[in-house]
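There are 2 protein chains.
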Amino acid sequence: MTAISKHPSRSAGGGIGNAGAIDVRDIGSFHIGGRVSTLRGMPGRRRVSTPNGAVHPVDPNGEIVSGQMYVQYVRLARPRSRHPMLLWHGGGMCGTNWETTPDGRPGWQMYFLRAGFDVLVSDAVERGRSGWAPWPEIYEGAPYFRTAKEAWEETFRFGPAGSWHPEPARRRMHPGLRFPAEHMEAFMSQFVPRWSCNDERTQAAYDLLVATQDHRAILLTHSQGGQFGLRAALHAPARVAAVVSLEPSGAPDPLAGDARMLRGVPHLFVWGDHLAQHRFWAESMPRVRRWHEALLDAGVDSTWLDLPSRGIHGNSHALMADDNSDAIAETVLRWLDRRSLRAPEAASR
Amino acid sequence: MTAISKHPSRSAGGGIGNAGAIDVRDIGSFHIGGRVSTLRGMPGRRRVSTPNGAVHPVDPNGEIVSGQMYVQYVRLARPRSRHPMLLWHGGGMCGTNWETTPDGRPGWQMYFLRAGFDVLVSDAVERGRSGWAPWPEIYEGAPYFRTAKEAWEETFRFGPAGSWHPEPARRRMHPGLRFPAEHMEAFMSQFVPRWSCNDERTQAAYDLLVATQDHRAILLTHSQGGQFGLRAALHAPARVAAVVSLEPSGAPDPLAGDARMLRGVPHLFVWGDHLAQHRFWAESMPRVRRWHEALLDAGVDSTWLDLPSRGIHGNSHALMADDNSDAIAETVLRWLDRRSLRAPEAASR
Numbered sequence: 381m382t383a384i385s386k387h388p389s390r391s392a393g394g395g396i397g398n399a400g401a402i403d404v405r406d407i408g409s410f411h412i413g414g415r416v417s418t419l420r421g422m423p424g425r426r427r428v429s430t431p432n433g434a435v436h437p438v439d440p441n442g443e444i445v446s447g448q449m450y451v452q453y454v455r456l457a458r459p460r461s462r463h464p465m466l467l468w469h470g471g472g473m474c475g476t477n478w479e480t481t482p483d484g485r486p487g488w489q490m491y492f493l494r495a496g497f498d499v500l501v502s503d504a505v506e507r508g509r510s511g512w513a514p515w516p517e518i519y520e521g522a523p524y525f526r527t528a529k530e531a532w533e534e535t536f537r538f539g540p541a542g543s544w545h546p547e548p549a550r551r552r553m554h555p556g557l558r559f560p561a562e563h564m565e566a567f568m569s570q571f572v573p574r575w576s577c578n579d580e581r582t583q584a585a586y587d588l589l590v591a592t593q594d595h596r597a598i599l600l601t602h603s604q605g606g607q608f609g610l611r612a613a614l615h616a617p618a619r620v621a622a623v624v625s626l627e628p629s630g631a632p633d634p635l636a637g638d639a640r641m642l643r644g645v646p647h648l649f650v651w652g653d654h655l656a657q658h659r660f661w662a663e664s665m666p667r668v669r670r671w672h673e674a675l676l677d678a679g680v681d682s683t684w685l686d687l688p689s690r691g692i693h694g695n696s697h698a699l700m701a702d703d704n705s706d707a708i709a710e711t712v713l714r715w716l717d718r719r720s721l722r723a724p725e726a727a728s729r
Numbered sequence: 381m382t383a384i385s386k387h388p389s390r391s392a393g394g395g396i397g398n399a400g401a402i403d404v405r406d407i408g409s410f411h412i413g414g415r416v417s418t419l420r421g422m423p424g425r426r427r428v429s430t431p432n433g434a435v436h437p438v439d440p441n442g443e444i445v446s447g448q449m450y451v452q453y454v455r456l457a458r459p460r461s462r463h464p465m466l467l468w469h470g471g472g473m474c475g476t477n478w479e480t481t482p483d484g485r486p487g488w489q490m491y492f493l494r495a496g497f498d499v500l501v502s503d504a505v506e507r508g509r510s511g512w513a514p515w516p517e518i519y520e521g522a523p524y525f526r527t528a529k530e531a532w533e534e535t536f537r538f539g540p541a542g543s544w545h546p547e548p549a550r551r552r553m554h555p556g557l558r559f560p561a562e563h564m565e566a567f568m569s570q571f572v573p574r575w576s577c578n579d580e581r582t583q584a585a586y587d588l589l590v591a592t593q594d595h596r597a598i599l600l601t602h603s604q605g606g607q608f609g610l611r612a613a614l615h616a617p618a619r620v621a622a623v624v625s626l627e628p629s630g631a632p633d634p635l636a637g638d639a640r641m642l643r644g645v646p647h648l649f650v651w652g653d654h655l656a657q658h659r660f661w662a663e664s665m666p667r668v669r670r671w672h673e674a675l676l677d678a679g680v681d682s683t684w685l686d687l688p689s690r691g692i693h694g695n696s697h698a699l700m701a702d703d704n705s706d707a708i709a710e711t712v713l714r715w716l717d718r719r720s721l722r723a724p725e726a727a728s729r
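Taken in sequence, the protein lines are chains A and B.
The numbers in the working numbering rise by one with no breaks, and the one at position 64 of the first sequence is 444.
The numbers in the working numbering rise by one with no breaks, and the one at position 329 of the second sequence is 709.
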């Protein structure tokens with residue numbers, strides 16, 4: 381297998397833009413990781429599985445699988461890179477974050493397919509198509525359901541504290557907000573329940589995914605996914621080609637992780653606007669900054685991309701859904717290209 | 381838009397087989413249906429969202445969306461049919477059923493893409509990427525978790541009663557079983573929790589999906605999805621081109637639904653082996669048979685395809701994952717072709 385294709389795909393010329401057909405070799409999925417557990421001692425139940433259907437006695441006891449992670453792949457007929465791009469979503473979300481944006485534009489899954497990468501979108505353990513397991517029998521605690529107010533005012537920074545209102549017309553937002561706020565209900569439809577007890581299970585599944593790729597992977601993560609991506613690189617630096625972290629909510633502790641192991645793994649951190657006005661981010665961002673500085677001190681190729689300082693204002697935490705999502709993707713693509721992680725376009729174009 | 385493509389895609393010749401690249405115009409997703417609800421009166425919580433991350437106070441009260449359904453589409457550059465194919469999974473499962481089989485073969489999503497259809501795979505309300513809502517605040521009851529024993533011995537009919545064993549070597553199966561039983565743990569990884577209180581929410585989302593397609597849809601359903609598909613056709617017969625039901629677990633009551641409305645909608649029912657030996661199926665299948673007979677009495681084009689009576693033995697309830705899944709898909713494709721739901725291949729081939 382070679383990274384240089386003699387038959388360039390008909391993706392967008394130069395990787396710019398997000399339109400045009402692609403030649404797809406295969407679309408499919410698998411679950412990775414997980415283990416079989418046995419549920420015991422629970423009373424029997426009864427269930428009618430479909431209207432006008434038979435009554436079905438249910439014994440809840442027995443073997444189930446938990447801790448597995450769903451991964452969907454789209455493989456190109458003629459990829460321009462040998463490096464699979466792994467897209468890891470943030471907390472309370474699943475892989476849908478990388479698909480069509482809430483206002484109906486193509487997402488980053490299609491962007492990077494059109495740019496010539498095989499793309500693997502996963503749903504973290506406990507989220508989306510990974511399924512989830514009962515508590516307290518398997519998980520140690522109860523789930524959290526994200527509210528619109530929390531998303532609007534804190535995690536996603538669409539508006540300042542007190543700006544959320546159930547009636548769309550009465551919501552306030554940050555001036556120049558780039559998130560398509562009129563599609564908030566579509567964005568809320570992407571929320572999925574989350575737990576806070578599954579970090580080890582999730583990290584194990586991600587590490588296994590990285591370990592089983594044929595070539596060094598590019599990890600492109602968002603928010604909670606950032607911590608998992610940064611740690612996956614630390615756990616297996618020889619298996620990772622690059623780590624791109626969109627507003628990671630956490631990072632390894634420089635006192636605990638040896639950044640020197642990552643000298644062969646370029647890192648990019650991307651940040652939007654209004655971080656200092658939101659307590660969660662005001663507290664979280666400096667912890668990540670410390671890891672970036674530890675990477676630099678260790679001689680790692682690490683880039684801290686603060687969009688407002690480059691004159692790009694108004695980005696929310698949903699960088700891949702904001703109205704300039706294609707432009708941000710292009711910035712990421714150019715950063716990857718400068719590190720030769722994609723073959724140049726064929727001269728015949 | 382025309383159903384006849386002047387540029388046939390490079391899908392498998394004649395629709396037979398499940399290999400080869402496809403020209404894809406777009407891959408994306410959306411959520412359909414659902415409503416905003418407000419959670420009230422719950423005590424506050426605290427959460428650490430990522431190791432070494434900030435402590436995050438959580439107010440569980442506020443607006444959330446529930447009842448939404450996730451739909452992922454793959455649209456071809458040059459489809460051979462104007463009719464979108466909607467794949468609706470069964471109970472305790474999600475859209476992964478239509479992707480790669482548990483033993484790693486291409487699934488029916490790819491089969492029908494290669495045959496020239498745009499394919500939409502949905503996760504029913506409460507399943508997979510549709511997310512789920514808290515109970516008792518939104519849902520009326522608690523979820524069910526499918527056990528391996530229930531799947532093996534009853535719903536999926538891999539072996540007779542008493543044949544499941546946690547140790548793979550000690551499991552017994554029906555003679556000639558076509559399900560790749562050595563991959564049972566991979567199949568178990570696809571299971572997701574289910575409720576029994578969401579049929580109305582689910583039907584509403586499916587009905588809306590059918591109503592919003594540009595052209596009459598082909599509904600291809602499995603198990604619990606069967607009831608939803610048969611009802612969706614009854615609710616909007618002018619919007620449905622055909623209904624293909626793989627072992628539906630239920631069907632409309634002929635005394636309640638007017639089958640004459642479906643005279644323009646061909647129906648196909650497909651059944652595997654060993655139904656009479658499993659109580660759930662021995663009870664469920666005759667209810668579906670009554671609907672098929674009502675369709676025939678009303679002059680509807682309805683086909684009852686009992687595979688064993690055609691000399692095809694050993695199929696489980698997981699028809700789309702059994703080792704002859706491509707051959708069954710081809711049978712479905714031929715049935716659709718006889719009803720002119722796909723353009724003939726271009727003569728130039």
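There could be a bad hint or two in this list.
What the hints assert, rightly or not - Footprint (simulated), chain B over chain A, 3 or more residues, beta carbon under 8 Å:
1) 572-580
2) 616-622
3) 673-679
Said to hold, decoys possible - A few chain A residues that don't get close to chain B, going by computed Cβ distances all over 12 Å:
4) R462
5) G484
6) A528
7) G556
8) A566
9) V590
10) G644
11) A656
12) R690
The hints are simulated quantities; they were obtained by calculation from the structure and are not laboratory data.
All residues carry an ideal CB built from backbone N, CA and C; glycine is no exception.
Quick rundown of the hints versus the structure:
1. 572-580: Three-residue rule met by the stretch 572-580 of chain A, so holds; n is 4.
2. 616-622: Coverage by chain B is violated here, the residue count being 0 at a Cβ distance below 8 Å.
3. 673-679: Our answer is that it is violated, as 0 residues pass the Cβ test (under 8 Å) against chain B, missing three.
4. R462: R462 of chain A is indeed farther than 12 Å from all Cβ atoms of chain B, at 18 Å.
5. G484: 8 Å, violated
6. A528: 4 Å, violated
7. G556: Given that every Cβ of chain B is farther than 12 Å from that of G556 of chain A, nearest at about 25 Å, it holds.
8. A566: 7 Å, violated
9. V590: Non-interface label on V590 of chain A holds, nearest chain B Cβ at 18 Å vs cutoff 12 Å.
10. G644: Holds, because the least Cβ-Cβ distance between G644 of chain A and chain B comes to about 24 Å, which exceeds 12 Å.
11. A656: 14 Å, holds
12. R690: 26 Å, holds
In this structure, the earlier hints numbered 2, 3, 5, 6 and 8 are contradicted, and the remaining ones agree with it.
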